[in-house]
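Under numbering that gives the first Met the number 0, the first residue of the sequence shown is numbered 0, with each subsequent residue one higher.
Quick caveat, the hints were computed from the structure, so don't treat them as lab data.
Note that the structure is a prediction, hence the values are computed from the model and not measured.
A couple of the hints might just be wrong.
With a Cα cut of at most 27 Å, we get these calculated BS3-like pairs of lysine-lysine [claimed, not checked]:
(1) 130 with 167
(2) 190 with 96
(3) 142 with 174
(4) 126 with 149
(5) 96 with 126
(6) 219 with 96
(7) 174 with 163
(8) 28 with 130
(9) 28 with 219
(10) 167 with 125
(11) 174 with 130
(12) 142 with 167
(13) 163 with 59
(14) 94 with 126
(15) 167 with 35
(16) 59 with 130
(17) 126 with 142
(18) 190 with 219
(19) 35 with 190
(20) 171 with 190
(21) 163 with 130
(22) 190 with 130
(23) 171 with 152
(24) 174 with 96
(25) 149 with 171
(26) 94 with 142
(27) 190 with 125
Restraint-style ranges between C-beta atoms, simulated for each label pair [to be verified]:
(28) 244 with 150: 25 to 31 Å
(29) 5 with 116: 32 to 38 Å
(30) 28 with 133: 39 to 45 Å
(31) 248 with 187: 19 to 25 Å
(32) 171 with 150: 30 to 36 Å
Even glycine gets a Cβ: it sits at the ideal position worked out from N, Cα and C.
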Amino acid sequence: MYSYIDIGERNNDVLVLVHGLGSRKESWKYQFELSKNFRLIAPDLRGHGDSSLDDDITIKTFARDIIHLLEQLGISAAHFCGLSLGGIVVQEIVKTKPAIVQSLILSNTSSYIPRMTGLYALSEGKKNLAKMSDDLYEQHIIKQCMYDAKNEKLFHDIHSFYFKLNRKTYLKAAKSGVGINYLSTLMFCPKPIIIIASLNDRITPYLNATTMSLAAPFSKMHTFDQCGHTPNVECPAEYNRVLLNFLNEHRSNKAASQ
Numbered sequence: 000m001y002s003y004i005d006i007g008e009r010n011n012d013v014l015v016l017v018h019g020l021g022s023r024k025e026s027w028k029y030q031f032e033l034s035k036n037f038r039l040i041a042p043d044l045r046g047h048g049d050s051s052l053d054d055d056i057t058i059k060t061f062a063r064d065i066i067h068l069l070e071q072l073g074i075s076a077a078h079f080c081g082l083s084l085g086g087i088v089v090q091e092i093v094k095t096k097p098a099i100v101q102s103l104i105l106s107n108t109s110s111y112i113p114r115m116t117g118l119y120a121l122s123e124g125k126k127n128l129a130k131m132s133d134d135l136y137e138q139h140i141i142k143q144c145m146y147d148a149k150n151e152k153l154f155h156d157i158h159s160f161y162f163k164l165n166r167k168t169y170l171k172a173a174k175s176g177v178g179i180n181y182l183s184t185l186m187f188c189p190k191p192i193i194i195i196a197s198l199n200d201r202i203t204p205y206l207n208a209t210t211m212s213l214a215a216p217f218s219k220m221h222t223f224d225q226c227g228h229t230p231n232v233e234c235p236a237e238y239n240r241v242l243l244n245f246l247n248e249h250r251s252n253k254a255a256s257q
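Full structure from sequences and hints, please.
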């Protein structure tokens, strides 16, 4: 039923990688090297990638799917890393089932999207989608995500594996985040948290990260300078180093970090 990647030693701590809107599990390919230290689970959200599920597109359902997948795999606890929409899904997971969460990595995401702001962004996205082909829209989104859209090599690399537009579910998935508010969830969350943000993120402005860090006063924060909305592919070496350093502090299997 679920489409996912599962790599790494079974006795290592589990790291669940949750992709963003219009993206897919392969978008984490530059993080797959972390499978030397962790068991990586990278699912396709329903309505995305190779998922066969395309109904009931909501944040709660995204979260429930991942929880069910982990249950099927016999995984009782994991570290969670979510980027953009994936970060919202991860916050829903810790709100719904905190016992399964060892730590949270919230990357280029938000805990609060005012309804009117979200509906306006959705309206603009709908207009662009209506007048563009799938390929042109993917290119448009990639250019919005990138810090340096003139980097043709990186642009074509990202275009080859990062996004996979599904018109049937894309706008529903975009709408799923409208009106969310997880600030109180962060405020009372006892789990280790690191917030990752980019100063030049045009999709999720830096203000979102500062708001989240205020809501979670004991969280850590890492800021990328010359990066856009996708530091996991724009600055993969630094991104992986940030993840590894944070995760090694909070892993249950300390020996595997050596």
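Which numbered hints does this structure break?
Hints 5, 8, 14, 15, 16, 20, 22, 23, 25, 26, 27 and 30 are the ones this structure does not satisfy, whereas the remaining hints hold.
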